[in-house]
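Number of protein chains: 2
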Amino acid sequence: MMKLKAMYSFLNADLNKIERELEASIQADDPLLNQASLHLLQAGGKRIRPVFVLLGGQFGTYDFECIKHVAVALEFIHMASLVHDDVIDNAKLRRGKETIQSKWGNRFAMYVGDYIFARSLELMANIKNPLAHQILADTIVEVCRGEIEQISDKYRFDQNLRRYLQRIKRKTALLIAASCQLGAVVAGAPESIHRKLYWFGYYVGMSFQITDDILDFIGTEKELGKPAGSDLSQGNVTLPVLYAMEEEALRQSIMQVNEATTASEMKELIERIKQTDAIEKSYELGERYLQKALSILQSLPRNRAWNALYNIAKYIGKRKY
Amino acid sequence: MMKLKAMYSFLNADLNKIERELEASIQADDPLLNQASLHLLQAGGKRIRPVFVLLGGQFGTYDFECIKHVAVALEFIHMASLVHDDVIDNAKLRRGKETIQSKWGNRFAMYVGDYIFARSLELMANIKNPLAHQILADTIVEVCRGEIEQISDKYRFDQNLRRYLQRIKRKTALLIAASCQLGAVVAGAPESIHRKLYWFGYYVGMSFQITDDILDFIGTEKELGKPAGSDLSQGNVTLPVLYAMEEEALRQSIMQVNEATTASEMKELIERIKQTDAIEKSYELGERYLQKALSILQSLPRNRAWNALYNIAKYIGKRKY
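Those protein sequences? They're chains A and B, same order as listed. Following the numbering used here, the numbering of the first sequence begins with 1 at its first residue and continues without gaps. Following the numbering used here, the numbering of the second sequence begins with 1001 at its first residue and continues without gaps.
To be clear, the hints were calculated from the coordinates, so they are not data collected in a lab. Note that CB positions come from ideal geometry on N, CA and C, so glycine has one too. Some hints here could point you the wrong way.
Label-pair distances were calculated between CB atoms; the ranges are [unchecked claim]:
#1 B:R1156 with A:E246: 54 to 60 angstroms
#2 B:Q1256 with A:D29: 39 to 45 angstroms
#3 B:E1191 with A:R156: 51 to 57 angstroms
Next up, chain A with everything else stripped away, as it sits in the complex:
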């Protein structure tokens, strides 16, 4: 399988610069804050949002010195939301590293998230385009709504598919949609183009999150950087769980899950879920979103970014971590 980075090698120099911008922009006076922020950056990540921003920019007049602010800002917003998510989920590990909340406590993690988020606004202040601010502000409100829904929906096993889809839309898909669109918007691409990139990003984002939710069941601890089944044990009801609950016996067992469920009980339950067709059905729904993304791509002009977007979309449905 082709490696992700090979799909947009023409962006490699710029992506290295983005990495250095991330480090430079997160610098703080406070030594503890600095340490925590650097800890987060070093935990890595696919930097998929900056990649989408830079690729979106290829559909207009690509100006790295301008677009870099948007790319870094979107990665920061994503990082800040992960830090707050880990507080909510009481998560100990992310990408194989200790989380901020596990290492320094909930309260400090809250402010690290706030700080990184504030930094993203500072970067966005460099962007003069009012539409870009409008899109970003609307996206952030929706991301916050998604996070609040994730709290209220925890351990609620009576939720339906629609509720799940709305939650992952807000939690993940809209920020990826905004990444694709904002890159094009700040590069001055016409509305007909950036609207399509929005929808491409939205469908890719839905597929991306569904794959994430599947991998949480079928990945190994090494691949995931955290124990398999973490979502369910934290009370997050994801697509494979909803499908698995269509079997009555399994439904009864899943509904017993609560904060006191032990690791060995959870392990057994996850095995039972994997033996149903829930994973397969989840892949099918993810695939449907992916096809929608590819279909939108067909109507976009062919350039080197087009090929990259095509390959990334294909990759996202098949990735292993």
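Following the hints, position chain B against chain A.
Same frame as chain A, but now just chain B:
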């Protein structure tokens, strides 16, 4: 003593509209989030930031339909930071009402803060002036820094006056400075005017926070809406504490304060602090900032906003709650 509201009665109609905008803009789909946000709004507050925004707007071309977004956004940023502060301080009461964190828990409070903050960005997206976005973003970064300093400085009795002043600058003064300035900026006032309004707001804000920190010692529980001495018992080292520590015996006692200090021990300590000249010296420093604010005001054009700013500044040093 003149009532605060009487000082800007010409703004009454607009301030009533702001109150309704605050309610309308905070509306959420999620019933629990709605309840929490309304709970916060109903706890009231002086709405001093919206007042400063509208007054700043009088130094340019005042357009309520435009400036209202800034006024509401700044009140939301203030509210969001209070919600996160209450998480940090583990505060049970604010303005005589239960805090979000006490009523619904730390994690939910974290997201309520995030949500209200996101709402403020959505409102600011209505403002097309790039300078306004720059000022706001810079201010938010500083406010976050102030909040982080407040965590790292908790129960640190070895800090000096300079550190205290830097913290209240970031925590309070800069948001009030930005309120005064942003009102003028979006009203298209010239730089010579909005820079002065910034400094006026900065000095008033310093004086405001110093008064707040004094009131925490000398106010009654009824006036404060929370027990007197809350700051010190939460480990927040304020100006009266720093002055009181100049007396060696008191210094030794204050340095013993920690999370386990009982309410009766605290009560006794507060009485001892009140018997020193710490309160008086704090008032004197507050007064010095106030005089600087008034001196800047002298160089601003006289209009009805000028009189209001003069009276508010005078009021702030003398207020009882």
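Range hint 51 to 57 angstroms: satisfied by the CB atoms of E1191 of chain B and R156 of chain A?
Cβ of E1191 of chain B to Cβ of R156 of chain A: about 54 angstroms, so the range 51 to 57 angstroms holds.
Pairwise beta carbon distance, Q1256 of chain B to D29 of chain A, judged against the given window 39 to 45 angstroms:
Given a distance of about 30 angstroms, which is not inside 39 to 45 angstroms, the answer is violated.
Consistency of beta-carbon spacing, E246 of chain A to R1156 of chain B, with hint 54 to 60 angstroms:
holds (56 angstroms)
Comparing the model with each numbered hint stated earlier shows that hint 2 is the single one that does not hold.
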